[in-house]
Each structure stands twice: as structure tokens, then as C-alpha cells.
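Construct all of the structure, not just a fragment, from the sequences and the given hints.
Number of protein chains: 2
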Amino acid sequence: MGEVSVVENKKVILKNYVDGIPTETDMEVKLGETIELKAPKGSSCFLVKNLYLSCDPYMRGRMRDFHGSYLPPFVPGQRIEGFGLARVIDSDDTNYKPGDIVSGIIGWEEYSLLRSSDNLQLRNIQLDDDIPLSYHLGLLGMAGFTAYAGFNEICCPKKGDSVFVSAACGAVGQLVGQLAKLHGCYVVGSAGSKQKVEILKNELGYDEAFNYKEEADLDTALKRYFPEGIDIYFDNVGGSMLDAALLNMKVRGRIALCGMVSLQSLSTSSQGIKNLYSAIYKRLRLEGFLQSDYLHIFPQFLENVKRYYKEGKIVYIEDISEGLDLAPAALVGLFSGKNIGKQVVRVAKE
Amino acid sequence: MGEVSVVENKKVILKNYVDGIPTETDMEVKLGETIELKAPKGSSCFLVKNLYLSCDPYMRGRMRDFHGSYLPPFVPGQRIEGFGLARVIDSDDTNYKPGDIVSGIIGWEEYSLLRSSDNLQLRNIQLDDDIPLSYHLGLLGMAGFTAYAGFNEICCPKKGDSVFVSAACGAVGQLVGQLAKLHGCYVVGSAGSKQKVEILKNELGYDEAFNYKEEADLDTALKRYFPEGIDIYFDNVGGSMLDAALLNMKVRGRIALCGMVSLQSLSTSSQGIKNLYSAIYKRLRLEGFLQSDYLHIFPQFLENVKRYYKEGKIVYIEDISEGLDLAPAALVGLFSGKNIGKQVVRVAKE
Chain A
1 MGEVSVVENK KVILKNYVDG IPTETDMEVK LGETIELKAP KGSSCFLVKN LYLSCDPYMR
61 GRMRDFHGSY LPPFVPGQRI EGFGLARVID SDDTNYKPGD IVSGIIGWEE YSLLRSSDNL
121 QLRNIQLDDD IPLSYHLGLL GMAGFTAYAG FNEICCPKKG DSVFVSAACG AVGQLVGQLA
181 KLHGCYVVGS AGSKQKVEIL KNELGYDEAF NYKEEADLDT ALKRYFPEGI DIYFDNVGGS
241 MLDAALLNMK VRGRIALCGM VSLQSLSTSS QGIKNLYSAI YKRLRLEGFL QSDYLHIFPQ
301 FLENVKRYYK EGKIVYIEDI SEGLDLAPAA LVGLFSGKNI GKQVVRVAKE
Chain B
1 MGEVSVVENK KVILKNYVDG IPTETDMEVK LGETIELKAP KGSSCFLVKN LYLSCDPYMR
61 GRMRDFHGSY LPPFVPGQRI EGFGLARVID SDDTNYKPGD IVSGIIGWEE YSLLRSSDNL
121 QLRNIQLDDD IPLSYHLGLL GMAGFTAYAG FNEICCPKKG DSVFVSAACG AVGQLVGQLA
181 KLHGCYVVGS AGSKQKVEIL KNELGYDEAF NYKEEADLDT ALKRYFPEGI DIYFDNVGGS
241 MLDAALLNMK VRGRIALCGM VSLQSLSTSS QGIKNLYSAI YKRLRLEGFL QSDYLHIFPQ
301 FLENVKRYYK EGKIVYIEDI SEGLDLAPAA LVGLFSGKNI GKQVVRVAKE
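Note that the protein sequences, when read in sequence, are chains A and B. In terms of full-length UniProt numbering, the first sequence has 338 at position 338, counting the first letter as 1, and numbering is strictly consecutive. In terms of full-length UniProt numbering, the second sequence has 157 at position 157, counting the first letter as 1, and numbering is strictly consecutive.
Misleading hints may appear alongside valid ones.
Note that identical chains are pooled: a pair holds if it fits in a single copy or bridges any two copies.
What the hints assert, rightly or not - Straight-line Cα separation of at most 30 angstroms, DSBU-like style, residue types lysine-lysine; simulated pairs:
| hint | residue 1 | residue 2 |
| --- | --- | --- |
| 1 | LYS282 | LYS15 |
| 2 | LYS223 | LYS274 |
| 3 | LYS274 | LYS15 |
| 4 | LYS15 | LYS30 |
Keep in mind the hints are simulated off the structure, nothing from the lab.
Okay, structure coming up:
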């Protein structure tokens, strides 16, 4: 390398640990720090320019002062991190060369210095003219893989099964429903706005969809769409929707526990799940999972889902916020359902 | 048959549907009705003298005015029924001959007229001098089979696993713990009295046991006995014990949902299960089951458990009430934990 340039490195930092639902003011977009655009010799690091950040519900867990989860909390005063896509600028790691596009856990900042030994789930991305780069955070990234692994490995789908998906228009849910349709299932989704319900029915191929905010009683809503019961519930929300689903499962139904957006925000004085007793006489199986346990099928996932997409059998909807300044709002928006489809932040043009 | 005798047939009837926990006054021991000790020609029925009745927690479900379960409710004003053992007196069914001992669903009365087409789960009992007849309601009956099927088919036990059993001294729990020990597991049980805790440790071979009523905090209690977490929780109670166990499961732990004595009695305003979110990041599997789904392994169960018993590898503890007059108290006692071991009512000498 010749002359090394030093540039400002804008960051999103966590101000304090968060109880309950995060707000924009829990984060700060911080200017003034600089970074050398260089990977130091002997460091085994590589320096990337960040292109896209993924906004994911699990990140709320890292904003709490809770150390018992599978990921450690963020550190107040320091930049937060999450899945993203970046272009390698300089490298002291022979696996990553300048110009490569990588996905993995990167900082919420303009440039990051990464080291592959830090368990960042780094992966070189094979560019494909037919597929938008940002899809590697959604359809072909953690969200899509969560849908694929959870539906195929946990739900045991069979042709003709009745499938219910909550948060069905979200980053994970939209693919679950489409995979279920490809399996020959009857699929109903719930979402939190009229616009999302229309997208589910008109763009994502769901057989039916409903706005849970307009339902006085979720049990009644599910009985309307599943008069004979539910074989598979892909649960992205927990809480009262899970409780209503438990009442409407068929004998030997399967529930994939993927996320509990509603539950995680509840205080300890809140209600819990009351209908778990249904699992006994209906012989239900409830199973939690993490996509990271299924990485052995990631190549099969990429191959299949890329093919489905290129053949026009599936679509994917993204909600892209432009620029790091909008990143806190984008992340916070997940918890009020502001986003439509997979929420991504574009940090820089490719 | 020659002369037919007509005798009085004492019965236990349900007076009214029950909300919450049943009491003795919800039932009545009724005298005055008579029965002919004869199976009418052409009826395909057979008449039995009832010997033993099984008191089981699931019977509470049949005392409620709730028609959505896998068994219909009892009918107020009529005699209740449950698993029992009886001797055939007269028969119009060639499968059942006078003198045979049968198990199945019989009336809570001195004599019952049964028909095998009524789905009474009838079975001829092979008498065995080394095994008390009443064990065919517990160790070798539905309770024992529930333990066997649930532990082997749902819990996936491996040598060295850490196993927790609630209601561990009960009809099901006492066998679960002993089976777990035979699998080479570390086994801890909870029960509701000091006496039961002593029995668990000194007679049933549990490695450790505790009285949940003496614990200020169940989470703390479980952390004491499982500092590295629980692989298998065989849940006989639901409620706050299930909630505490969820916090203490190891990654990929398994929870067999067998009964929820505590939950079933809760009103709709009560607390639910709050820690189900643990199932996601710990990838837990919770599965409900009914022994009746596993009848294909009943012969294997009988053979194995009889052999374990004869070899002195397992024991079984019964609590026998003498006479139909004490049957309501015996049934009600289940819900306060009065019984020690499998609760049985002896209606008549063999």
C-alpha cells in the first residue's frame, strides 16, 4: 500500500441499556472519530467499507443488560453491530481480498476493521446480476435462512397442511408463507396493517391474511380461517397470538418458536402463555430453533432459494432506509411494525 | 345360568359440574339401585364385579362442563367412571369368560355391565403370583405406561443426562425417576411433603429430591440441584414449576408435557407461563403426549417393567383406600397431594 488515507467514521452508538422497547434516543449517531483505511500488517484483520446493515428484532436483546442469552449485550458508549454487507478495502487476511463483498457481523459505522477469528459469521458473497446485493441480508441472508431452516427442519410440512404465520409480511414470515405454498399447503398470515394484508394476499401468495389489530378476539379470527384447525404455526411473535394458536392447533400440530417480539418486551408483571395445557391433549410439539444450528444446509438453501427467485416462484419485499443517520429510526421501527418487508439500511452505494 | 340374583349396586355419582378443584361434596355415594348379575343374551355385554378403581388427575377434566377435550365430561346425576380392575361374573362376549380379570374403564360402582365395543380400553389381565393385582392400575397400568412411553419416546434419554421430575412421588413420577436411573441419568424429583422427599431418596432411588413447598424460589431450588442445567424435564404439574424449569434447561433440552395439575385448576385470570421465550435461544423442544398413542409398545412395556420389578430393579408405592365409601375422598386427595404413591380404591376382595 502507498499513502494511507484517514477518514471520518460515522457510527451509531448505544447510549444506555434499554428496558422494554428501544427508542431512537437510546442511540446516537456520532461524528468525529476517524479511521485509517488500512489493515495493519500482522493483524490478520481486514478493513471494509460498509454497504448495507440489517435491522433485526433479536438486536433488542443485545440492548438489554442481560448476559444469559446466546449473544452478549452491546456496550453502552460503543457502536452497535449486526449483520451487514461490506466491501473489502484492505486486507491482512488471505481469505478476503480488496474488492470482495462479504456478509457477516459488522459495526453500525461507515468502515469496520474485522477479524475472521472473532466469530463474525463472515462469508464471501458471490455476486449475481439477477439478484440485488441487499437480498443477501434478507431473502438469502439470516432472515431467509431462518424461514427455510425453521419451516423445513422444525415444521415437518406435508402437502395439504394448514399453515399459520404471524408477522407474515416481515423479513422471515414472507418467505415462510411462500415456501409453504410451494409445499402445497394452505397458508394464512397475520400482520399489523391493512397495507400488509394486501401485500400478503396480492404479492406474497398467501391464501388469506388478516390484520390482527382489527380483530377483537384472536381465537375467533383463527377459527374463521382455520375451521378445522392448524397443522403448523410458524410463530414470530409469541404472546397472545401464540396463546390463540394453541387453542386452534390440530392434534399433532407443530409450532416453530422463531421469535417472540411481543413477549420480550413484556415486564415480569405481564401475562404469560395460558393455553399450553392444550399441548398435552392435542399432543403438540413446540420447538425453538436458531438458524445458526443449521449452517450445514446453508448451501442447499442458497441454491434452492436463488433458483425459486430466478424462476419467479418467490418474491421478496424490502424496506430500505438511506444512510446511517436513519439507522436508529429504522431499527426502532421494527418494534412498531413501521417497516414493510425486510428492513435494511443502505450506508453507501456499492 | 340358573337363577339370577339381583343385588344392590352402590355407586359414586357426580352431583354437579365442578369449577376448580373438586371436593368430596361434589360427589355422592348412592345406595338403593339394584342390578341383575347377568349379561343379557344377545347383548354382547359382560357383567363384572369391580375390584379396584384407579384415581387419576385427568378425571378432574371430566368433572367440568367442557366438551373440547379428548374425553367427554361425566354426566351429573350418573355414576362416574375410570380405569379399574374387575372380575367377570357373567358374559355374552366370547372374549370375556366368567372368572377372567379385566382392566379397562369401569363404573365407580360395585358391579358394571360392560360392552367391548364401547371403547373402554378393555384388556384381559394375566395374573402373576409375584405381582400384586392392583399394580395393573399403576406400575403396569396407565400410569406406568405413561411414564414408560413419555420417558422413552418423548425425552430421548441418554446416559449421563440430568433429569428433573415433578410430582415425582406420584403414580407416574415414581416410575419415571427409576427408569431414568436405569438409563444412567442423574435424577432429581420434587414433591410436596417431607415424607415424600424421604421416599424419593430412600426408596425410589432418586439422587436428590426437594419439597417445593419449602422453597421460596423454585428457580433457586433448581439451580442448586442442576448447576449445569437440565437435559430432560418430565413435567407432571405445569404452572410455576414449568416456568422455573424453562429457565434452567440446557441447550437442546427436552420437556415432556404429561400433566398440568396446577394449571388446570387455575382460573382464566391467573398467570400463565412466562419463560417460554427461553425455548428459542436454548432450542428447547416441548411435547405433549398421551399414553394411548403408544399402545403398539404396550407389550414391550409390560415385559420390560415386569422383569425390572421381578429383578428388584424397581419398586412401586401404592396408597390404597378401602371401600367405595372412601372413593370420593381418595379422588379429591390427589389434588391436595394427600396420597403417597399411586392412589387406588379397593372396592372388593379379589
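A quick look at each hint next to the structure:
1. Taking the shortest alpha-carbon separations for LYS282 and LYS15, only the inter-copy value of 29 angstroms comes in at or below 30 angstroms, while the best intra-copy value is 47 angstroms.
2. When the C-alpha separation of LYS223 and LYS274 is checked against a cutoff of 30 angstroms, the pair qualifies both within a copy, at 18 angstroms, and between copies, at 25 angstroms.
3. For the identical chains of this complex, LYS274 and LYS15 are inter-copy neighbours only, at 29 angstroms across copies versus 36 angstroms inside a copy, given an alpha-carbon limit of 30 angstroms.
4. For the identical chains of this complex, LYS15 and LYS30 are intra-copy neighbours only, at 11 angstroms inside a copy versus 73 angstroms across copies, given an alpha-carbon limit of 30 angstroms.
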